[in-house]
Every structure is written in C-alpha cells, then in structure tokens.
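Student: Chain by chain, the residues run as shown.
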Amino acid sequence: MEQSGEFRIGSSREEVWRALNDPVVLAKCIDGCQSMEKLADDEFTAIVKAKIGPVSATFKASLKLTDLNPPESYSLNADVKGGPAGFGKGVADVTLIEDGDATVLRYGVSASVGGKLAQIGSRFIDAAARKMANDFFSAFQGELDPESVETAVDTVSADAGQSPPTAPAGQWKIWAVVFVALVIAFVLTI
Amino acid sequence: MKISITVNGRQHDVDLPQTNALLVDVLREQLHLTGTHVGCDTSQCGACTVHLEGRAVKSCAILAVQVDGQAITTIEGIGTPDDLHPMQAAFRDCHALQCGFCTPGMIMSAIDLVQNSDSLDNRAVREGLEGNICRCTGYHNIVKAVLQAQESM
Amino acid sequence: MSEATGIGASVKRREDLRFITGSGTYTDDMNQPGQAYAVFLRSPYARAKIGAIDSSEAMAIEGVLAVYTGQDTAADGLGDIPCGWLVKSKDGSDMVAAPHPPLAVTQTNYVGEPYGIVIAESVAVAKQAAEAVTTEFTELNAVVDVASAAQSEQIHEGVVDNLAYDWELGEKAATEAALASAAHVTELDIINNRLIPNAIEPRAAIGCHDRVADHFTLYTTSQNPHLERLILSAFVKIAPEHKLRIVSPDVGGGFGSKIFVYAEETAVIWASKKVGRPVKWTAERGESFLADAHGRDHVTHAELGLDADGRFVALKVRTTANLGAYLSTFGAAVPTYLYGTLMAGQYKTPNIYVEVQGVYTNTAPVDAYRGAGRPEATYVVERLVETAARELGKDPTDLRRMNMIQPGDFPYETPVALVYDTGDYEASLDKALEHSDYQGIDARRVEARERGKRRGIGFACYIEACGLAPSQLAIQLGAGVGLYESGEVRMHPTGSVTVFTGSHSHGQGHETTFAQVVSTKLGVPFEDVEIVHGDTGRVEFGLGTYGSRSLAVGGSALVMASEKIIAKARIIAAHMMETEADNVTFADGVFSSSNQQVTIQEVAFAAYVPADYPEDLEPGLSEKAFYDPENFTYPAGTHVAEVEIDETTGVVELVNFVAVDDFGHIVNPMIVDGQVHGGVAQGVGQALLEHGIYDENGQLLTGSFMDYCMPRADDLPDFTVDTTVTPCTHNPLGVKGCGEAGAIGSPAAVMNAITDALGVKDISMPATSEKVWRALRRE
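Protein chains in written order, with the working numbering: chain A, 1 to 190; chain B, 1001 to 1153; chain C, 2001 to 2779.
Keep in mind that the hints were calculated from the coordinates and are not lab data.
Each residue gets a CB set at the ideal place from its N, CA and C atoms; glycine is no exception.
Check before you lean on any hint, since a few could be wrong.
Said to hold, decoys possible - Computed spacing ranges between beta-carbons, pair by pair:
no. : chain 1 : residue 1 : chain 2 : residue 2 : range
1   : B       : Thr1006   : C       : Lys2127   : 25 to 35 Å
2   : A       : Ser138    : C       : Ser2769   : 30 to 40 Å
3   : A       : Asp79     : C       : Gly2158   : 24 to 34 Å
4   : C       : Leu2017   : B       : Asp1015   : 28 to 38 Å
5   : C       : Thr2025   : B       : Val1065   : 25 to 35 Å
6   : B       : Gln1018   : C       : Thr2106   : 33 to 43 Å
7   : C       : Thr2720   : B       : Ser1043   : 30 to 40 Å
8   : A       : Glu98     : C       : Lys2761   : 49 to 59 Å
9   : C       : Leu2473   : A       : Asp79     : 53 to 63 Å
10  : B       : Gln1018   : A       : Ser138    : 26 to 36 Å
11  : C       : Gly2759   : A       : Glu98     : 57 to 67 Å
12  : B       : Ser1043   : C       : Asp2762   : 31 to 41 Å
Extracted from the complex, chain A is given alone in its bound form:
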C-alpha cells in the first residue's frame, strides 16, 4: 500500500521542525495520546488510545527514525500494535517544503494493517483517519499560532494510493488512510 498527501501549515519551516520535535507540543495535539517515551535519539514508543469505527483500543507504537535531514526531511518506521484490535506497520517519508511564510508538509506512507482493524474497521477507517489527521493539524497549527486556527490544513489526497493488481482497489485506499493518520500522529510526535 502506498499513500501520500500534504498539509500546508502557516509557520516557517524551522518553527514546524522545532514543533515536530517538541514532545510536549505534539502530545497535546494527538487526541488520546497517553504517553511517549524516548528510548534513544532515534527511537520512541508511544501509547495512543484511538477509536476507529467499532474498533476501540490502546495502540502501542514503536517508532524508529532514519534518514534524518533537519529541517527538511526524515523517514519514520512504525510498528503499531493494538492487541486484539489489530496492528499496523510501515514507513512514512516526511518532507518539509518552504512556501513563502508557510510550510508544506508532504508525506508518503507505505503501510499495512491487520487483525480486527482490517477485518471490521476498514469501513470506518477512511473517515476516522481523516478526522484524526485533521484534528492533529488543527491542534498543531493552534499550538504554533493560536490566531490562525481557521487556516489550518486539509489537502489530504486520498487518491494517490497505488492498487496492487491482486487486491481490490477500494480496500487499499481505506487502509492507507488509516495508517496515514496513525503514522502522521506518531511521526509528528517526534
């Protein structure tokens, strides 16, 4: 599964990068984030309580950063486990691009989900993931610039997913988006 999209944030690239590396800011922005722990400079764990359709669970995420290139880009390898609720895993590549006074955050995610999340959550994942991502960026923007909340975000491109020939196209898109939301939440936690 491949998925990509971008968000425009009304702050400079340095500010965005700094905020992206401020656990306090990010924890506030992730709805349901219960804890974050830094294991090493490039390794984190996070616990997030999330609800996707009928699947409600506490997800434990192990995150590893690679290809760090501040303040422009990095890659994030995530392994998210929700016990009986299922799991997600994959890689997100994040790039920050200067755009005047603002910054465009572009991401590409390659991921998959399994267990109950795949089985019965898939129908709800699209909407849930959009909401999670939007909630995050609204909150994120609010943290960076409390006066400009209304200008935040939402240019998620949900149609950029690639459909492998062996799988039904619709499902891949849905899976992609949920993982985008989860991974973005985790990506931006660092």
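On the provided structure of chain A, position chains B and C as indicated by the hints.
Tutor: Chains B and C in isolation, oriented as in the chain A frame:
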C-alpha cells in the same frame, strides 16, 4: 445505574451491569427474554429487532439507558401459542421459517412494516425487509407470509 | 390417522410454534449455574511464530479466572483435531495432514486462529483481560494465493509444496487421446469463489464438568453431536465416550459449517474442568467470519471434447483446491470424493479424468458448505456444456439432451466411480423449459433491450450424490467413520411413540417429517409421535445431518425400526387374536385376522402389561435400527435462470428462476420447496454477491455483514419450484434428499444467464455490478 422499562406490558426496574449495556443484552441476560437473538455485531442482520414505542428497532444498536421510561415489545409479547399474532400465524402457515433464528426479528420487522404501510406488494415487502437477513428460506415464503398477514392485520 | 399428516402431505411444521413465539432454545439462550465466560486470544497475523505470552496483567484484573494457551492444552495431553477422511495421492501415498492442535502452540497459520482462552466472570471482563495479554509474534510470510501456493514458502513442517495431496480419478491416457481426436474442444479457466457460510446463529458452546462423576457435558451448535463426541473422545482425549455428553439443542442453521469439530468448543469443555466451573462461549460474528470453516475456493482448468455431432467424448479437469491452514473434519473429501466423482453430470461422457491438488494456505480451513464439492463440479460441467453449445452454435438445451443418460440406461456406471440408480433427466428439463417459457426468450430480450437492459437465460442440468454410502466402501476410500444412521422407535404402553434419531434438525423440519414417516408406518396419529434428536445422552448413536442425508438415511433407519415394531406387534396381536402371525395383516394401525381386529395401541399395552402373552417373547415394544445405504442417492434436475443487466450500471437483476428437481418420493412438499428456495438463494448469492477475500498478507477483508454480501429479500425474486419423480431404487422410502440441490444447480444457471446476456465467454463469480460494468465496456 438503574432504568425503568415496560416490556411486553410489564414494568421492570433494571440495574444495569454497566452503563454501556445494550438493550438486547438487558432483554436476554437480565429479563431472560431469549426470543430476541443476536446474529451479528454490526447491526446488519436484524435478528434482534424489537418494538420500541411501537416502532421496529435493532436492539443491538440501542443502549439500555436510551430507553429508560419507554415501552418495548419483544417476540414474546405479541402472541401466545394459543392466540398467535396474525404475522406469527402467517409465518407458520406459509413455512416462512426454517432454523427459526432470524424469525423473531423478521416477524417484528414485518409487523412494523405492515402497520406503517398502506398496502404492500411483493416488491415493497422485499424492500421493507431489507434490514433482516435470513439464510434459510430464500425469503420466498417470508414475502408470502407478510402479504398473507397483511390481509388479516 | 388423518390424510393430512401422512407421507406426501404438506404438514405445517410442529417446531414452528416455539420459534415464532420466541420460545426456541438455542445454545446461547442456555445458562448453567455458576458459569464463567470465555473469550479467545486470536492471531492477528496470517502466519506467525508465537513467542512469549504475558498474561500477568490480565490475571491481575478482578474477575479473571484463567488464561490458558496452546502450551497448557498441549501439556495436558490434549490431542490434535483430526481430519475425518484420508485421501490418497496419485502415487498411492497418504495425504499429508498437518497437525492441528486445538489452540496453536508454536505457530499460528491463519488470521483468527485461537492460541489462547481467557476465562472470567463476565464477557466484558474476559474481553478486557484478552486485551491485556501481550503476545510476542514474529510475523512470517503468508501463503494466500491458491494458484501459487505450491511454489510459495512452506507453511507446515514436512508438507512439501504445501501440498496435502495430489489426487486423481478416471483414465488419463484415454481421456487425453479422446480429447486429441475430438472435433471440437471447449476450454475454460474457472474460479469457484470462496464462500463464508454464515448461519445466522453464531457458534456457541457451554462446557460443564461434574467433578464428582468426572462427567462432561457440552452444549453446542453441532449438526452431528455424536460425531463430535466420538472425535473429542477418541482423538482429542477429552474423556471416554460414556463420560462425555454432547447436547445440540435448537441450532440456528448450519449449511455444513456446524458439522466440524472446532477449536473453540474443544477448548471450552476442556477448560470447564480446569477452572471447575461451566464455561460459556458465544462467537461474535467477527469471530465466525475468521474461524468458521469456509467453502469452495477452487481454481480449475477444464476441457470438454465433442465429436462432429456434438456428442461429448472426453472431459479433463485440473483443479487446485484451497484447503486452508489445516484439514478440517471433512476438508480433504470435499474437493475429491464429493467433486471428482460428479464430473459425468447427467451425461454419457465416456472418458473423464480429474486431478485435484489440495493445497494449504494461510487462510481459515475450508470444508463442506451446502453442496460441498457438488456445486463446484456442476459449475465446471454446466459452464463447459453451455460454452460448448455457444461455440458450436447449438441450442444449449439440445446439446444437453443429445448427451443425457436416458431412462433405459440405468443403472448407469459413470467413468468416475459412481453408479446412478435411476433418473429421468429430460423430464425435468422439459418441465423447466415450460415453466421458464423458453420459447418466449427472444421476445423478452427485444423488449428488455428497449428498456436499456440485456436479458439472458442460462441452464444447469445438475446431478448430485447424497447420503454418502455405503459405509464399507466409504471407509475403503478413506472415511474415518461409517455412513449409516441410527433410529429408535419407542412405543409407550399407552400407544404414543417417542422416536430417537441420529440425524439432527437445524431448520430441516425433522420433528415434522420424521413424525409423518413413523406415524404413517405405524398407523398412529401424527400427534402421538414425538421426535428426539441432538443429544448423545438420549439418542444411542448417529452421524448427524449433512450431505442431504437425513431422510434418505436417517428416515430409512426409522422405517426399519418401525418395521421391527410391527413384526413384534404382529406376534403379540396374533396371540391376542388366538391365531398365527402369518394370518395377521396390518394396515393403518390395525392388526386383522378374519373378523378380529386389535389396534397397535392395544398391542403396545399388552406388550408392557403381558398378562396373557406369547411364550418366549420379551415384553416391551421398542426397537432400534441402523440403516446403511447400499449406494448414494442421485437427486437431479434442471435449473433455469433469467437475468436482466442494466447497461448503464452493470447491475444484474435475477428476474426469474425455475428449479425442477427429482428428489424421488416426497414426504412433505412444503418443506421440500422451502429447502429448494433456501438453496437457490445461497447459490444465487455465490453467483452474484458473496466472496470471501483475503489480502496478500492473509488479512480477511470481508469480515462482517457489511463487507460480505449475502442476499437480502430485495436481491431475489420469487422462485418457481417444481418436481419430477423417479423413486430412489434402494431405500425404503424411495427418497433422494433435497437440502443442497438448490445451491448446486443455481450458480451455473445464473452465470450461464449472465454470460448469455453479455455475450462473453466467462466472467468470474460473484458477478458484481463492477465486474459486469467492466465487461460491458470491454466489448
């Protein structure tokens, strides 16, 4: 948490085991009205259909706290073996059931459908029962039964 | 006895009264004093090594009684769940059965496979505890695609190429030679889509252990409680058979999926002794999707050779059958003995060769689902025949007619090991054509076209084999059990009758039809006969209900037991009338000799109050019988489907469906029609809507009623159902079985209609609007 509900004409004060208890669980587990069945976990099959204040609802999709103070009718409350509801009689007469598991929900939906429609034809019955899945009958005889019951309701 | 309750009467079902009033007793409706509740730990991965399992946090939750894993069941010496049928490969070697522990021990092999059981005071606490268990999994590559499974990573140790068996039937050389010299060869690549049975009642179980007597009782949703007891006792080693009772109360549909012995029921009864409490488990629908045995899932290449006149000269079929991660109870037999043997269909094809590779994949086990092998075989034969007719420009019904086995040909031995006893295939075809107004199809096509619809008609002339038999042959071919059925007729002193049958009714109406049979045979009122089934504590033995066998095999056992009753009663009656038994006739419940008469009820009383009684005759009037059929029965018929396809949307509407079936004699026409309706609906579901889909990682994408599409009322039309009759020649009722026919003929009929409407050679099931829309635009 306590609620008070009237089920099949009888009032019950129910102490809910948890606040998110579903109506179907209260009916089955606490009031021992096991005629209402659970066939899925996504509110798709309709086996749990009961009447809430006279209208068909899926009792697996309603919290018990939502129905506090309201009247519920289950399959046990619409007729007795000696005095069947016309829909129950028609289901038997038309062989509209096989394993019987979807039947209570199907009957409750069908009663609501007939009561709230002027005149149903075959197609309208089929569309009206779209929320109840039967895996045994192929619906042929269910449609026949509902059309037959319509005449005597 | 009134005429309205005898054999052949559409008696209203007596079981209905409890179902329509909500008084049925299904397993989940039952509760045992002090019961605890189970939730299963299930693999989220299609294939993974199980590492450390930490249940300490779960055990700390108030109300949690126990967390057991596969390590615990293994340590307790619990045996593997066996496959009940041993299939041999071409080279004579036994199939390779991968070990199937009730709870996975070292590796899980499909998403949803249970590897642990959590037991708590409530379902809510058990669920919470299950979430608190942390399990280290090492994910392995999953094998999902059927066609390439043999070239993929090895799933089970010792199972080379993931191949359980490579089976064949028929003469390969002769078939290939005949194909090579055929005037025309029709070829098709066919996929038989994976189905998920979805009886509306999810599986459930309550395991109980009596510590004092060391006796187990399992209440569960089984189609065959005695077989379950046999397997749990002999193979899984739960307890000896006399210490184990299985009760299968009202069961909300099975369609095959409740034949098998599953991990959950096994774990529940085992755990009841461990925790010293009754343990109840009821599947959520999501669990049913993951862990009930699925059906079908074949990939096939088939070739039909015809001579210049259109006579079939050879049929060659090569199938890869998905068996899932483990061999389920009858999983090995379904794509072989219930599939390859049916390839002659209704036709005199002289050369047939079938080879089937049964492969393991990291998906739920695949086993019998309504029709079990026979819908797959019918689909191959009838899609080929219809395609051949189109390729040759012949009328599809004419081509079939030309090749049909004729009434004078019976008994007819096919090239694939069956001997058909009787039939009149053209009679069903003629009647079906009449009902479907085949003459008028061209006019209907034109009319539909004006409305933007493409109308098509399709046929399926199917045959099936029901009531697997006889036992000795079946066992030689690998069956692990006999295929007889038991019956007991107990006449009480006052003349009423309790009947015990080893068949199990979960919608089929045994309580009515079996009472019709026994009351007719004994000449007692229908109301005086009660049928008991589904309890190993009450019924002596039985092999249960599957394969459309109940009436043909179980009903025949009851006829035999009734005849034994009459034979004994005749001796008593003769004594009462002071004559010889040879002078006594019996009809309608009355024994007569010259001008004297005694009723069977009077005889029953005398049998239990033997004041003046024949010497050397035991008191009492209760008889048992085991009936072992000498052959299969062969229901057959013609199904005709007519569809309209919306050219704009690709939506297929089934506008007419005609089923004309020959089930031999019929005991209750109303029930038979209902069985056909239900079977057709499931077959139409396969053709138009249903598809169990795993992604390439082995995640089930169709895991709820929102994603797995079953027919709802507005997806179907009324059906036209009729019958023809050639009585079965070898059972006392002359019956053949009707439970599966609807699901066997209908998929091919519907797909033949769709390909006819579209003018394409093939389109795979299910013919969703998207697929059809694309096919319309490829033209």
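Student: Looking back at the hints listed earlier, which ones does the structure fail to meet?
Tutor: No hint contradicted; all consistent.
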